[in-house]
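Those letters in the sequence shown? Residues 1 to 479, by UniProt numbering.
Keep in mind that the hints were calculated from the coordinates and are not lab data. Treat the hints with care, since some could be wrong.
[To be verified] Calculated lysine to any residue pairs in the SDA-like style (CA-CA distance at most 25 Å, straight line):
1) K419 <-> I333
2) K143 <-> L269
3) K123 <-> R70
4) K199 <-> T80
5) K143 <-> Y104
6) K419 <-> V216
7) K88 <-> T109
8) K371 <-> T350
9) K162 <-> L108
10) K423 <-> K143
[What the hints assert, rightly or not] Label-pair distances were calculated between CB atoms; the ranges are:
11) E96 <-> L243: 20 to 26 Å
12) P316 <-> D412: 25 to 31 Å
13) T313 <-> N97: 55 to 61 Å
14) R308 <-> V409: 52 to 58 Å
15) D412 <-> N107: 43 to 49 Å
16) P46 <-> P220: 53 to 59 Å
Quantities reported herein were computed from a predicted structural model and do not represent experimental measurements. All C-beta atoms in this analysis are idealised placements derived from N, C-alpha and C, irrespective of residue type, glycine included.
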Amino acid sequence: MQQVPRYLLFCEEGTFSALALTSEMTVHVILSMATLFLMDRACAVPVQYSVMLDAGSSSTKLRVYSWPERSSTSSTLHITEKYFLRIKPPLSSFQENLELLPEYLLNLTSLAQSQVPYYSHNKTHIYLLATAGIRFLKEEKAKSLMDTVRRVLSDKRNHNFKYTERSVRILSGEEEGVFAWITANYHNGFFSSNRSLSKAVGVLEMGGGSTQITFVPDGPLLAHMFSLRIAGKIYNLYSHSYLNFGKDYMDRRIKEYLIQQNPSAKTILNPCSLENDNYNYDNGDTTVIFRGSSSPSECLSIISNFLRHSYDTCYPKPCAIGSIYQPSIGSDIFYATASFAFIAADLNATDATGRLDIVKLNQTAHDYCSKTIEEAYSVYRVPSAYGSSTCMMALYITELLTFSYGFPVNTDRIFSFQKVNGKSLDWPFGAVVYEAELMARDYPCGPIPLETNAAAGQSPTALLELLILLCFSTLCAFV
């Protein structure tokens with residue numbers, strides 16, 4: 001037997017009569033329900049996308065993310081990376097050839113558009129976020145470069161993605177650290193569980209130009225606070241970035257220090273380089289020959305000079321490097337990523353769970369740094385191209401973690417990871433989470449609250465059905 005639509009039964013049997021309502025009330029109800037239905041359809045985006053251009057110091061990485069619509073801003077976003085591509089040269093290489101930059105960017109946006117369904121292009125935000133590679137440029141060079149990027153990406157003739165004033169910017173080091181913190185805690189399930197705040201992991205990150213430390217302090221936070229909201233909860237983080245303390249710039253600072261100490265020398269012994277590793281170095285003012293001398297104690301003495309505390313100017317206390325305030329690291333677990341993880345892996349200083357053994361790293365560093373470059377390769381299998389930098393970095397990391405950041409030498413709370421649960425710990429993922437949360441908070445057109453939908457069965461289909469029901473009931477009443 002064919003089922004008769006409910007609204008016809010209502011009309012035939014008179015089980016619902018619009019005579020119980022005034023015509024004005026009926027029209028008002030119908031218009032209200034229609035408004036709710038149209039709002040729900042206009043706002044509903046079953047799958048959302050985001051395009052991220054990570055403008056780093058050696059390349060630009062294109063990432064496309066997607067996630068299903070969530071029912072509430074208090075629930076966790078389920079974001080996945082659906083596309084990744086690394087492009088060279090880096091953005092900074094165009095500082096003297098800005099006329100070539102549009103083609104470079106349009107190639108990237110074209111690739112991104114091919115990864116996002118056409119009907120979602122105008123709802124998809126695009127971001128180009130630059131890091132230390134651009135932060136190191138002179139101010140006028142960086143401004144010209146980023147202004148050109150803004151001009152290209154804001155032009156709707158070039159793509160259909162959503163562009164806002166936040167779409168193109170140079171990240172502060174603190175933002176980079178915070179975004180890495182979001183990534184790490186997202187991938188270990190912290191935001192999607194009811195874990196206490198003490199279960200959030202801190203993050204130690206180091207790139208070529210800078211190093212960052214970000215965590216939730218156990219006690220009062222007196223400076224360098226970064227507040228954010230994730231899944232309806234507010235987190236107050238300590239985050240600080242040390243520019244010029246990344247692996248490449250620490251290597252450069254050591255060489256510049258040695259040149260200053262030997263101003264007239266053409267050949268200089270470098271205690272942070274392995275014996276038989278000899279090379280020319282040109283800093284723009286002078287050219288010298290560095291010869292590795294494999295002297296870990298002398299190398300550590302130079303590094304310690306860069307990391308010393310400035311007790312007289314430290315306020316508020318305590319301080320880490322120089323006069324930079326840092327609260328106690330407390331009892332948090334930390335993930336050490338990027339260069340930290342590479343060095344720990346090269347020198348076999350972690351256990352099967354990824355836990356970093358600082359004592360072992362320190363001992364291995366001194367043994368490694370005492371060898372010739374040939375011996376280091378023979379014993380540790382570190383490629384010669386990274387032989388000397390591994391020596392310097394191993395000594396630097398142990399001193400940074402203990403002397404500067406305040407970790408006990410025998411700590412068991414640092415884990416050296418590149419991935420967690422198979423997911424990369426790179427900061428761009430955290431940036432997308434952060435921007436999506438901002439968008440959900442600030443953008444007025446979000447999912448209709450469940451209590452608003454309750455009368456209509458909590459679904460757009462139910463809203464439409466009720467709307468039709470009211471219309472036909474009204475017609476029946478006046479027949």
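How the hints compare with the structure:
| no. | hint | result |
| --- | --- | --- |
| 1 | K419 <-> I333 | holds (16 Å) |
| 2 | K143 <-> L269 | violated (39 Å) |
| 3 | K123 <-> R70 | holds (16 Å) |
| 4 | K199 <-> T80 | holds (23 Å) |
| 5 | K143 <-> Y104 | holds (18 Å) |
| 6 | K419 <-> V216 | holds (21 Å) |
| 7 | K88 <-> T109 | holds (15 Å) |
| 8 | K371 <-> T350 | holds (22 Å) |
| 9 | K162 <-> L108 | holds (15 Å) |
| 10 | K423 <-> K143 | violated (34 Å) |
| 11 | E96 <-> L243: 20 to 26 Å | holds (23 Å) |
| 12 | P316 <-> D412: 25 to 31 Å | holds (29 Å) |
| 13 | T313 <-> N97: 55 to 61 Å | violated (43 Å) |
| 14 | R308 <-> V409: 52 to 58 Å | violated (18 Å) |
| 15 | D412 <-> N107: 43 to 49 Å | holds (47 Å) |
| 16 | P46 <-> P220: 53 to 59 Å | violated (44 Å) |
In terms of the numbered hints stated before, the structure departs from hints 2, 10, 13, 14, 16, listed from lowest to highest.
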